[in-house]
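Keeping their order, the protein sequence lines are chains A and B.
Each residue of the first sequence is one higher than the last, beginning at -12 in the working numbering.
Each residue of the second sequence is one higher than the last, beginning at -12 in the working numbering.
Hints in this document: simulated from the structure, not taken from any laboratory.
Please read all numbers here as calculations on a predicted model, not as lab measurements.
Please note that a few of the clues may not be correct.
Since copy identity is lost for identical chains, a pair holds within one copy or between any two.
Computed list of lysine-lysine pairs in DSS-like fashion (alpha-carbon distance at most 30 Å, straight line) [claimed, not checked]:
#1 K271 x K172
#2 K292 x K137
#3 K(-11) x K172
#4 K79 x K292
The lines below spell out each chain.
2 protein chains.
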Amino acid sequence: MKLLDLGERALLNRIREVLGNKGFSLVDDSAYILFDDRYLLVTTDMVRKKTHFPEVMTPWEMGWFAAAVNLSDIAAMGGEPLGLLLSLGLPKSMDENQVLEIIRGARECVERYDVSIIGGDTKEHDEVTIGGVAVGVVPKEEILLRIGMKPGDVVAVTGSLGKAGAGFLALKHGLDGVSFDGLVKPIPRLVEGRGLAENRLVSTCMDLSDGFVNSLYQLAEINKVGFLIERDKIPVARDAFVVAEKLGLDPFSVSMDYGGDYELLVTLSEENVGEACDVVGETKLTVVGRVTEGGLNVSFGGRVKKLVNSGFEHFKSSR
Amino acid sequence: MKLLDLGERALLNRIREVLGNKGFSLVDDSAYILFDDRYLLVTTDMVRKKTHFPEVMTPWEMGWFAAAVNLSDIAAMGGEPLGLLLSLGLPKSMDENQVLEIIRGARECVERYDVSIIGGDTKEHDEVTIGGVAVGVVPKEEILLRIGMKPGDVVAVTGSLGKAGAGFLALKHGLDGVSFDGLVKPIPRLVEGRGLAENRLVSTCMDLSDGFVNSLYQLAEINKVGFLIERDKIPVARDAFVVAEKLGLDPFSVSMDYGGDYELLVTLSEENVGEACDVVGETKLTVVGRVTEGGLNVSFGGRVKKLVNSGFEHFKSSR
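Here chain A stands alone, though its shape is the one from the complex:
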């Protein structure tokens, strides 16, 4: 079967089968290796011009983006970053200054978290393709995984949702007055993830790179649970409201259905909510629903409806 018919999720399941029990910690944001009393975290994400770098994106932003999406995977595991490697596939016709701008953007992102670019390589490629590798570490007892929630836990997200969706739609429809920062300059939630891990406040954690609803579908499957989301509690980003109004769309859909927000989605017991909010601080942690025994539902205006997964999936064309 061709990948466009199969889709990314099914492909990853087949790969997991081929690897047997041994391999591919595909369900989590980073791979982890036990190293004495700590887990070493390693993650890699490939980004490329055609699918990840819209025309408006500068080389500096490409570098930032490649660094940020990899650091976000360390954040989602509760880890402290140790360094970043960049594997650059570059067209021969590219100007060296553009390459150096990619490096500068990545450097500025990692230095914000007191780490360095520690290695990498450069190769020729027809299309700018950046393979980022982030390395991190987390004490054994503090690692955050995607499995471990139970019915009754509350669901919460950091920051606001829909910044990337708003940027994507603004670009697609040529809207003015909307910042693309949420799309092209994501902020990895390293401090927040580390704080939640260190204080053992959450039962699971993942980043929202795949979008809110899509992520809930993934979590429901691997945890064998359901979710009831309270739509009106979703912290919709300001730009999502603006773009939704201009395009006549539902701002909640812009916030919940699009990938690219590198916020953290966590589950935790209700009694930890106060302390977790304190730890997350200014970034804000918002409770948006609850883990249930089964079914993925959203409540609003006194009604309960099924939560529809219209999120993007690689290889398949979904919108």
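Based on these hints, arrange chain B on the given structure of chain A.
Relative to chain A, chain B alone:
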């Protein structure tokens, strides 16, 4: 300046400047991070269909190759591998079985060294592009670096040279009866690298992915030394003789000027040669020359000539 005028070496130097002292351990095969009394090793290499996977190469071999070239970087540091991650960029039109064959090839390579594929991701790409990441570990005192040789040390290589060059030329000229294994199925010298490191037998080590002469040029620059190579001691691979004869080429050129042999190039003091040969065992370690105060020269038939670097460099077209 465009990359095709600048070339990979100059680009890497510029990147190093941008990163200052902090970054990019570009001179070594892997990045290394101190972790208590050990170094954690992390390396990433991107390979792609157009430049790394000749038509004859099966998806299984692509997977093996992506794993092997990354493990080779761990070998060159004297490390023990801990795991491999694969970041796969795949065309939508690709068949799932081809993807699974890539995974199977990579798995067979890493399992040979008792490690697993521990993570990765899949993304859409117009061209099959595999970003491999190998993770390893080496006791602090045993790490092998490229810097540290001194005049008087001897130069030695593992295995035989020219297997990849022979495969490359056989493909290019459509020759029959030459195995492509040296080109498409390299063997990372993990056991040999680890043995040399553990017994503290060598002063420097690197892998020969860039070719023998090219590697000597890199080593001369960073160590501020020269080399005198005895041409007739080069362990020329059988296929290099065969291909050279068919094409009327110099077999030593096929062995010394082409990249893609994942053998180890080491320097060591003369007194360690016997023990180093024992450690490398059946793979064979061959002394091929000596570190000098300056100049890159090759001796043969009683004459001494300058060693010319005609090796491939990314971005630049050299042959």
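Contradicted hints - numbers only
Result: hint 4 breaks, nothing else.
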